[in-house]
Amino acid sequence: MSVPRLIRKIFLATEQAEGAGARVRRSIGTPQLRNFSPFLMLDHFTIRPGSGFPDHPHRGQETITYLLSGGVDHEDFAGNKGTIEAGDLQFMTAGRGIMHAEMPRQNPDGSANVGLQLWVDLPKELKSCEPRYRDLKAQEIPTVETDEGRVKIKVISGKSHGVDSVKDLAYTPVWILDVEVKPGGKVVQEVPEGWNAFAYTLEGTAIFSSGKDGEKRTVEQFHNVVFEPQGEAVYAEVDVGAEKPARFVLVAGTPLDQKVVQYGPFVLNSQEEVYQAFVDYQTHSNGFERAQGWRSEIGKYIYQTKPCAIQPPEFICMPYTIPPPPAIP
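Just so we're aligned, residue 39 is where the sequence shown starts under our numbering, counting upward by one.
Possibly wrong hints are sitting among the right ones.
To be verified - Lysine-lysine pairs mimicking DSS-like chemistry, simulated, CA-CA at most 25 Å apart:
hint	residue 1	residue 2
1	K224	K197
2	K224	K47
3	K282	K224
Note that these hints are calculated values from the structure, not bench results.
Using the sequences plus the hints, can you model the full thing?
Okay, structure coming up:
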């Protein structure tokens, strides 16, 4: 028997406005959960037609976008364009600097585009690397079934029950597993010991074990279950009398031994580096040269219809005036 992980805390991801008309349930990157290296932010987003995330910069982190329904277009100042649809992912390394837009497709039935976006810190030595992208299509993701078919796991990144994911998706080692458990099903998922791990519940009601004494915690939809780093596996099940399956995303990552200084979309290791990121963006230098005069095609209609709210330090939306850089003591 693998040693189960203790549960540190469980909390609801409350909904809030973000970007230009989008709605997100943010769990990581809130007062409930900060400094959970290497994870910086987790948003469960809902983007309806006429809303989205128009032109904005990043530096110093990776973003992982997992689309659950609909479609999202992407465009950046280097000329990269693409679309991810339901079941697809995009791994983006911002590195020394990127400016891009992420906008929803207009679904024929008018439905919203829903997904998860996870921000992952980059090791200090990779903060100034060149930006890169890697789309992962749904058909590339291997799946595994256990417990006589009552458990189905999409192995997005990492390993589950002897099945390995596609390699070289992100610089910072991260496991991402999409787990569905039918009523009466049980799963024991091993995770690397010492890594930080959490489970975000998408659908239904799951029961997670917490510790050797057999204590169990029932967790409803839209909650984040944060585990202690000690232990070998996460234990989860669904009551045999449940009306529907439970679905959650289990994520684990290697902690980075470094200071995190974040201001909006810039994630560095000191206030001086954050200040320099603002200077580089405003002067179009050191990675942001191509930002000068650039505006995405997919974000133009947002600019024509509504202003983009600025909510520092969580998000900065361009081309509207950005707040001044943080003062250096």
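For each hint, the structure was consulted:
1. Straight-line distance between C-alpha atoms of K224 and K197 comes to about 18 Å, which keeps the hinted pair within the 25 Å bound.
2. Taking the CA atoms of K224 and K47, the gap is near 21 Å; set against the 25 Å cutoff, the hint holds.
3. Pair hint K282 plus K224 holds up; C-alpha atoms about 14 Å apart against a cutoff of 25 Å.
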